[in-house]
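A.B. asks: This is what each chain is made of:
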Amino acid sequence: MYVAVKGGEKAIRNAHTLLARDRRGDTSLPALTLAQMTQQLYLSISRVMAEGSLYDADLAALAIKQARGDLIEAIFLLRAYRTTLPRFGYSQPIDTATMLIRRRISATYKDLPGGQLLGPTFDYTQRLLDFTLAANGEEAPATPQTQAFEAQERVPRVTELLDDEGLMEPDAELPEDHEVGDLTREPLEFPAGRDLRLQNLARGDEGFLLALGYSTQRGYGRTHPFAGEIRLGEVEVSLFVEELGFDVPLGEMTVTECQMINQFAGSAKAPPQFTRGYGLVPGQGERKVMAMSLVDRSLRWQELGEEATSPAQDEEFVMSHSDNVQGTGFVEHLKLPHYVDFQAELDLIRRLRAEWFEKNQKTTGETADLEAAQ
Amino acid sequence: MTSSQGTSPRGAPSTGEPSARRTAMATLANATIADLEARLAAHPLPQEHTIIRQPEIGLVMVRGRAGGTGAPFNLCEATVTRCVVALPDGTTGFGQCLGRDKHKALLCAALDAYWQQEPLQEAIESEILAPLRNIETKRKEQTKAEVAATKVDFFTMVRGE
Numbered sequence: 075m076y077v078a079v080k081g082g083e084k085a086i087r088n089a090h091t092l093l094a095r096d097r098r099g100d101t102s103l104p105a106l107t108l109a110q111m112t113q114q115l116y117l118s119i120s121r122v123m124a125e126g127s128l129y130d131a132d133l134a135a136l137a138i139k140q141a142r143g144d145l146i147e148a149i150f151l152l153r154a155y156r157t158t159l160p161r162f163g164y165s166q167p168i169d170t171a172t173m174l175i176r177r178r179i180s181a182t183y184k185d186l187p188g189g190q191l192l193g194p195t196f197d198y199t200q201r202l203l204d205f206t207l208a209a210n211g212e213e214a215p216a217t218p219q220t221q222a223f224e225a226q227e228r229v230p231r232v233t234e235l236l237d238d239e240g241l242m243e244p245d246a247e248l249p250e251d252h253e254v255g256d257l258t259r260e261p262l263e264f265p266a267g268r269d270l271r272l273q274n275l276a277r278g279d280e281g282f283l284l285a286l287g288y289s290t291q292r293g294y295g296r297t298h299p300f301a302g303e304i305r306l307g308e309v310e311v312s313l314f315v316e317e318l319g320f321d322v323p324l325g326e327m328t329v330t331e332c333q334m335i336n337q338f339a340g341s342a343k344a345p346p347q348f349t350r351g352y353g354l355v356p357g358q359g360e361r362k363v364m365a366m367s368l369v370d371r372s373l374r375w376q377e378l379g380e381e382a383t384s385p386a387q388d389e390e391f392v393m394s395h396s397d398n399v400q401g402t403g404f405v406e407h408l409k410l411p412h413y414v415d416f417q418a419e420l421d422l423i424r425r426l427r428a429e430w431f432e433k434n435q436k437t438t439g440e441t442a443d444l445e446a447a448q
Numbered sequence: 039m040t041s042s043q044g045t046s047p048r049g050a051p052s053t054g055e056p057s058a059r060r061t062a063m064a065t066l067a068n069a070t071i072a073d074l075e076a077r078l079a080a081h082p083l084p085q086e087h088t089i090i091r092q093p094e095i096g097l098v099m100v101r102g103r104a105g106g107t108g109a110p111f112n113l114c115e116a117t118v119t120r121c122v123v124a125l126p127d128g129t130t131g132f133g134q135c136l137g138r139d140k141h142k143a144l145l146c147a148a149l150d151a152y153w154q155q156e157p158l159q160e161a162i163e164s165e166i167l168a169p170l171r172n173i174e175t176k177r178k179e180q181t182k183a184e185v186a187a188t189k190v191d192f193f194t195m196v197r198g199e
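Line order of the protein sequences matches chains A and B. Here the first sequence stands for residues 75 to 448, where the numbers follow the numbering used here. Here the second sequence stands for residues 39 to 199, where the numbers follow the numbering used here.
Possibly wrong hints are sitting among the right ones.
Lysine-lysine pairs mimicking DSS-like chemistry, simulated, CA-CA at most 30 Å apart [unchecked claim]:
no., chain 1, residue 1, chain 2, residue 2
1, B, K178, A, K184
2, B, K189, A, K184
3, A, K139, B, K140
4, A, K409, A, K80
Treat the hints as calculated values from the structure; they're not laboratory data. Nothing here was measured: the structure is a model prediction, and the numbers come from that model.
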């Protein structure tokens, strides 16, 4: 247990001066600008926005700069900042079918309506270090090619294609009067609804979800997944304003979405069909949405009448340990002074040892007496 | 400005008047501050409005839907700046946009107010909103054309041949 301590102000002040100096590094080099970071490190920005659960690229850049590139520290800074702002309300649910698509792929349909659009992806790169990026005066990248396209107001999701035949599980609706759970407002309670699970996973640690998703593929709660569709792009966000009586557009937001399709042989509760796991994050986070949709599907075992055998299906385990700010707080608090606690432990161990040796000596003595008598 | 918990109608409103106003608001919210200022420099607004709610930065909890079409859930918060102005005749203008740009929210609110004035609406539509829509459309068309060039046709190899 941590016991409050006093003093150390001067040492702490000096330590923070050192930190500020080290954060800045060599002052003969120019300082990073936030614009450079939002433009050139967008995937770090995305991760901090997703797990910080705050969509604001400039704030994420500031947090990463202040945290010296430690993304979890940056996520912590964003979470702390958001508590200083008033909440204006809840947006209308975004509609990803109306997305301005920058990437869209499916591993289940070769010729899906609307086409497979690779977009800006690391896929099919050879993962060789590109030393031209290390050279001074990096060359300007080539101008992207363009091609004629069909105008489409709405790009249907892959999961809608099989809907007609009943082969694809429909999206679950909740009763009209169901209040959408918000874990920034109420503490988590179990069992949690899918709304709370999705919110928890959307802000959960990418590494943790990746490991859990991977474990389901390796056999710990097998879900037989296919990447039905992954899409990246911009959607409109709008807010219903009572004074105006309509939902007011606030601008566009970048999101990544994943529809995982899973083979399902049927159970007492549901017929054989394709079931689904869902992933959605702000910014560009493909690995995260894929892992999220694997874990979302695993957590649905009860609803689908499956057997729970694995960590990724354990709602309480997953949701209680997915948050890296909470995890960091509890792990890192071990650094703080535990002197009083440790003194008490020290006394206890001394007493136990004394008792142990005394008892052991007595037993050894008795054995020796016995041997002598024989 | 408060928002109800999911009781509001989905999608665009049905009445004609707010729909045109909504379209104007969307154009303003999507414009960059630089483009907005450039249009206002070329076509200055009257300066008769007073601020009745100072530009304020806050949060909106953005919602998604499970599976894309199912029950709503809370995805993450986003920063939003909002502002309300009034004209001498009592017309109120609302400005609200993602991000933390107070100046942009104020300009959006003023434009929303003047847009509701019959004599000014046409000029704002043609001198400010149309050019901004033009920029937005060009940007989107460029994105679509670049993305279309990455459209892929995979050939399936037959196994065992």
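A.B. asks: Decide, hint by hint, whether the structure agrees.
C.D. replies: Verification of the supplied hints:
no. : hint            : verdict
1   : B:K178 / A:K184 : holds, 26 Å
2   : B:K189 / A:K184 : holds, 11 Å
3   : A:K139 / B:K140 : holds, 24 Å
4   : A:K409 / A:K80  : holds, 16 Å
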